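All chains should be built: construct the whole structure from the sequences, respecting the hints.
Chain residues, written in single-letter form:
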Amino acid sequence: MNRYEYIEALKNELGSVSYDDVKSISDEINEHFDIGLAQGKTEESIAESLGNPATLAASYREIGNVRQAIANNRPRNKNSIITKPVKEVKPKDPGAGKLFVVLWNIFLGIPSLLAAAVALVLITGAVAGAFIGWIGLIGGVSSFGGFVATGVCLAIALFFVLVFVVCLLYFLFRAYMFWLINHIRWNRQVWNEGL
Amino acid sequence: MNPQIKKGVLDMCVMALLVDKDSYGYDLADSLTKKIQAADGTVYPILRKLAADGMVTTYLQESQNGPPRKYYHLTDDGKQRLKEDSAEWNIFMTAVNDILGGVK
Chain W
1 MNRYEYIEAL KNELGSVSYD DVKSISDEIN EHFDIGLAQG KTEESIAESL
51 GNPATLAASY REIGNVRQAI ANNRPRNKNS IITKPVKEVK PKDPGAGKLF
101 VVLWNIFLGI PSLLAAAVAL VLITGAVAGA FIGWIGLIGG VSSFGGFVAT
151 GVCLAIALFF VLVFVVCLLY FLFRAYMFWL INHIRWNRQV WNEGL
Chain R
1 MNPQIKKGVL DMCVMALLVD KDSYGYDLAD SLTKKIQAAD GTVYPILRKL
51 AADGMVTTYL QESQNGPPRK YYHLTDDGKQ RLKEDSAEWN IFMTAVNDIL
101 GGVK
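As you go down the protein sequences, you meet chains W and R in turn.
When we follow the numbering used here, the leftmost residue of the first sequence carries the number 1, and every step to the right adds one.
When we follow the numbering used here, the leftmost residue of the second sequence carries the number 1, and every step to the right adds one.
Check before you lean on any hint, since a few could be wrong.
[Unchecked claim] In the BS3-like style, the derived pairs of lysine-lysine whose C-alpha atoms are separated by at most 27 Å in a straight line are: (1) R:K34 / R:K83; (2) R:K70 / W:K23; (3) W:K41 / R:K70; (4) R:K6 / R:K70; (5) R:K7 / R:K35; (6) R:K21 / W:K41; (7) R:K79 / R:K21; (8) R:K70 / R:K83; (9) R:K21 / R:K6; (10) R:K70 / W:K11; (11) W:K41 / R:K34; (12) R:K7 / W:K23; (13) W:K11 / R:K6; (14) W:K41 / R:K35; (15) R:K7 / R:K70; (16) R:K34 / R:K7; (17) R:K34 / R:K79; (18) W:K11 / W:K41; (19) R:K7 / R:K83; (20) R:K35 / R:K83; (21) R:K6 / R:K79; (22) R:K70 / R:K35; (23) R:K35 / R:K79; (24) R:K7 / W:K11; (25) R:K21 / R:K7; (26) R:K70 / R:K34; (27) R:K21 / R:K83.
Keep in mind the hints are simulated off the structure, nothing from the lab.
Note that the structure is a prediction, hence the values are computed from the model and not measured.
Dropping the structure here:
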């Protein structure tokens, strides 16, 4: 197997590993080939001594998130070198979670969501009112007499202000939906899995 | 050898190879496989895991010939872990040898 074949085989076996990780893994194996070649070895013998690409890929996959956390000092693993790390699962109390969801929604969740909904409706109403007023202004411009030019300028300026406010409203709506969906998702999670 | 035991031991060996001086993957693979029967590739996932755990840090350094090499440096946490692991290993080995004593 030559270098290209080896790296391709390795990449194929890496499976669900993220693109960045695949890139950095193939970089380090390429570096290994470079140094080996500089020492007079052949691509085939280097590939041979690297071991089966499927086995190597499996070891990489085992790390889980293999992204190299260079400056990232996670709390160190105190597990023994002999025994397999045992993942501790914190027992959760779903009863407390349900109670929390109910209380949260009565006192904070639903009131604040409702208040925000009412505010959004009011703002929308105000914008609609302003728009009707603006149409009225357009109609009335001709009667401005000597001030027609001023009236037209005012109408154009107000038009842009309205467009701006409508855009703003659109983003407010999206933020509200985002908030609502996340709130529901979070509630469901706490409800099912406890606090 | 039982792969589970070997894996833990190899982590410790890679850290031990980095105690005195920083080194790069190829060199570590070479030093390791001279003494222990393992594929050269073995060291790379180990180094990656050690880096993720904060046991080693990496940096690039130019070499006289060819592209820059990725060097690995054992951190203080790594040194501490190595100390603990090798102490644990010695106790374990002594016990195992004791038990195996009768086997010829």
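Verification of the supplied hints:
{"no.": "1", "hint": "R:K34 / R:K83", "in the structure": "holds, 23 Å"}
{"no.": "2", "hint": "R:K70 / W:K23", "in the structure": "holds, 15 Å"}
{"no.": "3", "hint": "W:K41 / R:K70", "in the structure": "holds, 20 Å"}
{"no.": "4", "hint": "R:K6 / R:K70", "in the structure": "holds, 25 Å"}
{"no.": "5", "hint": "R:K7 / R:K35", "in the structure": "holds, 15 Å"}
{"no.": "6", "hint": "R:K21 / W:K41", "in the structure": "holds, 25 Å"}
{"no.": "7", "hint": "R:K79 / R:K21", "in the structure": "holds, 12 Å"}
{"no.": "8", "hint": "R:K70 / R:K83", "in the structure": "holds, 25 Å"}
{"no.": "9", "hint": "R:K21 / R:K6", "in the structure": "holds, 24 Å"}
{"no.": "10", "hint": "R:K70 / W:K11", "in the structure": "holds, 20 Å"}
{"no.": "11", "hint": "W:K41 / R:K34", "in the structure": "holds, 16 Å"}
{"no.": "12", "hint": "R:K7 / W:K23", "in the structure": "holds, 25 Å"}
{"no.": "13", "hint": "W:K11 / R:K6", "in the structure": "holds, 25 Å"}
{"no.": "14", "hint": "W:K41 / R:K35", "in the structure": "holds, 20 Å"}
{"no.": "15", "hint": "R:K7 / R:K70", "in the structure": "holds, 23 Å"}
{"no.": "16", "hint": "R:K34 / R:K7", "in the structure": "holds, 17 Å"}
{"no.": "17", "hint": "R:K34 / R:K79", "in the structure": "holds, 23 Å"}
{"no.": "18", "hint": "W:K11 / W:K41", "in the structure": "holds, 23 Å"}
{"no.": "19", "hint": "R:K7 / R:K83", "in the structure": "holds, 17 Å"}
{"no.": "20", "hint": "R:K35 / R:K83", "in the structure": "holds, 21 Å"}
{"no.": "21", "hint": "R:K6 / R:K79", "in the structure": "holds, 20 Å"}
{"no.": "22", "hint": "R:K70 / R:K35", "in the structure": "holds, 23 Å"}
{"no.": "23", "hint": "R:K35 / R:K79", "in the structure": "holds, 22 Å"}
{"no.": "24", "hint": "R:K7 / W:K11", "in the structure": "holds, 23 Å"}
{"no.": "25", "hint": "R:K21 / R:K7", "in the structure": "holds, 23 Å"}
{"no.": "26", "hint": "R:K70 / R:K34", "in the structure": "holds, 21 Å"}
{"no.": "27", "hint": "R:K21 / R:K83", "in the structure": "holds, 16 Å"}
Every hint, counting from the list given before, is met by this structure.
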